[in-house]
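Participant: Chain order of the listed sequences is B and G. Letter by letter, the first sequence follows residues 1 to 414 of full-length UniProt numbering. Letter by letter, the second sequence follows residues 1 to 414 of full-length UniProt numbering.
These are calculated hints, taken from the structure and not from any lab test.
Listing some non-contacts, in silico: residues in chain G with all C-beta distances to chain B over 12 Å:
| id | residue |
| --- | --- |
| 1 | M8 |
| 2 | H20 |
| 3 | S74 |
| 4 | R93 |
| 5 | E235 |
| 6 | E236 |
| 7 | Y238 |
| 8 | K242 |
| 9 | A267 |
| 10 | K275 |
| 11 | V276 |
| 12 | K345 |
| 13 | G388 |
| 14 | G395 |
Only pairs whose alpha carbons sit at most 27 Å apart, straight line, appear in this in silico DSSO-like list of lysine-lysine:
| id | chain 1 | residue 1 | chain 2 | residue 2 |
| --- | --- | --- | --- | --- |
| 15 | B | K149 | G | K369 |
| 16 | B | K225 | G | K218 |
| 17 | B | K218 | G | K218 |
| 18 | G | K225 | G | K242 |
| 19 | G | K225 | B | K218 |
| 20 | B | K132 | G | K369 |
Where a beta carbon is used, it is the ideal one built from N, C-alpha and C, also for glycine.
For reference, the chains in residue letters:
2 protein chains.
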Amino acid sequence: MVEKRTPMQVKDAVAAVLQHAGSLASEKVPLEDSYGRILAEPLTATSAVPPFDRSPYDGYAIRSADSAGASGTSRVTFRVIDHIGAGEVSHKRLNAFEAIRIMTGAQLPEGADAVVMFEQTVEEGDTFTLRKPFEKLENVSLQGEDVAKDEVVIESGNVINPGTIALLATFGYSQPTVAKLPTVGILSTGTELLGVEDALEPGKIRNSNGPMIMAQLKRMGIACKMYGMSIDNLEESYQAVKKAAQETDCLITTGGVSVGDFDFLPAIYERLGAKVLFNKVAMRPGSVTTVAVADGRFLFGLSGNPSACFTGFELFVRPALLQMMGAQKPFVPHTTALLAEDFEKANPFTRFIRAVYDGEEVRPAGFNKSNAVSSIARGNALIVLPGGSRGFQKGDRVDVLLLGVEEGAAKWMN
Amino acid sequence: MVEKRTPMQVKDAVAAVLQHAGSLASEKVPLEDSYGRILAEPLTATSAVPPFDRSPYDGYAIRSADSAGASGTSRVTFRVIDHIGAGEVSHKRLNAFEAIRIMTGAQLPEGADAVVMFEQTVEEGDTFTLRKPFEKLENVSLQGEDVAKDEVVIESGNVINPGTIALLATFGYSQPTVAKLPTVGILSTGTELLGVEDALEPGKIRNSNGPMIMAQLKRMGIACKMYGMSIDNLEESYQAVKKAAQETDCLITTGGVSVGDFDFLPAIYERLGAKVLFNKVAMRPGSVTTVAVADGRFLFGLSGNPSACFTGFELFVRPALLQMMGAQKPFVPHTTALLAEDFEKANPFTRFIRAVYDGEEVRPAGFNKSNAVSSIARGNALIVLPGGSRGFQKGDRVDVLLLGVEEGAAKWMN
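Use the sequences and the hints to build the structure in full.
Facilitator: Pasting the structure below:
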C-alpha cells in the first residue's frame, strides 16, 4: 500500500519553511573576513561623508565673489598664496583675489567657497587668470553630501558586499557585528552510493549530491559538516540522523524520502518527534522534498536525484538559512525572460528547468529529468513553468531564478 | 600646463586589456576546494550517466511484452521473484509473468525492459496485477541518456559551480585540474589616507578602496597581498610600486593617476618602462582609469574615488583576471531593464550608475558622484548610459551590469 501524500504549492512550502526559521546569535569578525556575511546591526555613520568640504578636482580654491564679471576679454587675476595636497590642511585664510592650489580630496581652506579646475585657468608664475565667473560652492564636495553623521546608511540584515566593506572602512568599523553562520550538516543516504575516489561497481554510483550541496553552501559562504553516507537500515539511519541533528542547526539529508522500501526518513522523523511541514510539493523535479522541524532545528529531506536535490536546496534550504541569519533578501534572485524554445509537455506541477540565461532569453540547459546531472553544471538559471494543463511556447515571458549568473558573460554588451 | 589625454571608448579599453591578459598555469586541487575555480581541462565523462539502465521509480521491473492486453477488466498477474534495493544487483533473470521488486536508482535486472510504479499495481502476497499494457523501456532510465562515456561534458574555461562539482564527483575526479589563481596586490596611494582603526584627523579620510577591492577580489575567489598605503613621494612611491609589481601578476593601485601635483603614477609607469594601454576612458566615473603592462604584468591604476575605483575594477580588472585564468565568460554579467526614473543630465561620456535592480526595473541607488561611497553598498547593479547629448527617461530600456544580484531577492516571484 503506497502512502498518499497531499502536495503543497511551492510558494506555500517556501512560506512554511520561513515561518519556522529562528534567529541565530551575532558575533564580531575582522573587517577583512566580513565580506558575504550578514550585518547584524545597522551600519551607522560615525562621521559625515565627506567629513569636510573638499575639492573634487585638482585646481585652485577661490572666493567665488572675486570671479564676478570675469570674461574672455576681462580676465580676473588671482595670486596663489598656498598649496594643499590631499590630507593636508592650509593654515592660511583667503583674502580678496587670493587663491590656494588644492588637490583632489583636500579640505577647502578658510574663506574659499569654489574650486577652479586647472583646465579653466591660464597660469603664470604664482598667479593665474580666469575667463568666467564661478558660483558659490561651484566644484565643491560638501561635508555630508553623501552621508550625514549618525545616519543609518545600511540596515541590519543586508549582505556585506564590497560597497558595504568600503562604508565599514570609512566609518572605522574594524570589527563589524554580523550574524553567526548556521551549523549545517550533510548526510547522504543510499546503499548505492560510492565515494568520489571509489571505482564504480555494478549497480552503484558515486555520491554527487553531498559534494554538490557543500558547494551550494559555499556559494553562500557557509561551511558544513559532512556526515558521510548512512546505510539504508532503519536503526542505524535513525541513530545517524539523531546524532547529526543534535550537532547542527540544520541537517540536510539526500535520498530516503520517497516511498521505497529503504526510504526510512519518514519513520525517522516520526521517531524524532519532528513536525513535518510538508512531504510532497507540487513541483518537478523534487516532489518528494520533505522539510521537518525537531527541537527548533531544521531537517531538510532532499531527493536523492541530483536535479531535484539541487532545486530543493535553492528553493527551501537557502532561504531558511538566510532567514536564520536575519537576511532581508532570503529568496533566490529572480527575473523574467523570453523562453528560447517551445516547451510543449503539460504538467500539473510547477516545473523548474535548469537553463542558460543570457540576459534576455532563457533556454533549457539540456537533458532534463530529475536524475540529470549534466544540465545542473551547464546552466546558470532555473526556468519556472507554473503547473497547469498547457505547454509553453518560444517567446513566452517566463519567471527565471538566477543561480550562477554571477559567473560572468561570454560577450560584452551590444 | 595640464597634460592632454585622449579618451578611449569603454568597449575598446576593455578589449585592449583582454588582449594583454596572458595565461596562468594550472594545478590540481581537492574537489572540496574547487568550487569557484576555473576548469583548466575539459571535464570528460569517465563513465556513462546513468552507468547502467535503471529504474527511476520505486516499483516492479517486468518484461513489457507480458503486459500486452492488460486492462481494467482483464488484469494481468505477475509473480515477484526477487527484491533489489538501490546499489544491489539481482542475479535472477525474468521469465514470463515474473517481476522483481525494484527501488529508485537500482539497476534493471536481466530480461526486464519496463518498470511499473507501485501506484499502478494492486499487490497481493508475492503477486500483483496490472490494468494497462506497458511499452518497451517505459519508466526506464537508459544507460548514457544523460551523458555518454568519454563525452566532453563541460569545456575547459568554465567556472566550477555546484553542478560541476556534482559532475566531477560522479566521474571520480577527486583532484580536478584548475587554473592557478593570479597573484594580485593592492597598493593605495594618498597622504590623506588613514587606516580603518585610526581616528579621523582634519583633512584625512580612512582608506576604503583597499578593503573594498579586497572584497571585490574575494567575490571572485581570489586572495590578495595588501601593500598598505604608499606616501605621495615620487621616489618612495616608485620603489613601492616596483617591488609590488615584481611580486604579483597584477598590481592594483588606487589614486595617483590624475593630473594632480602628487599623482606620480604616470611618471612611475614611465620609469618602469611600462606600456600604457590607456590613461583616459570615456566614462563617468573613472575617466582617469589607467592600465599599463610591464614585463607581462598588469598595472591597474584605478581612481582614488570610491565609485570610480569600484567601477574600474569590475570593468577592467575582473575580465583581465578571468581571462588570465582562461575563463570563457570574462565579462561582467549583464542584462537590460527599464529605467525607473528620469536621468536628464546629458554627458558626452558613458555613465555607470550604481543602482538597484529588482529583476525588471533599475533605479539609481542614491547619491551619485564619483566620490560617493554609500551607493556602492546600496546597489546590486550598474546602469550603463551610453555617452551622448541626450538624457534618459523613465521607462527607457537600458543596459545593466549585474554586480550583487546573487545576494538574493526580498520577495518571492509574483
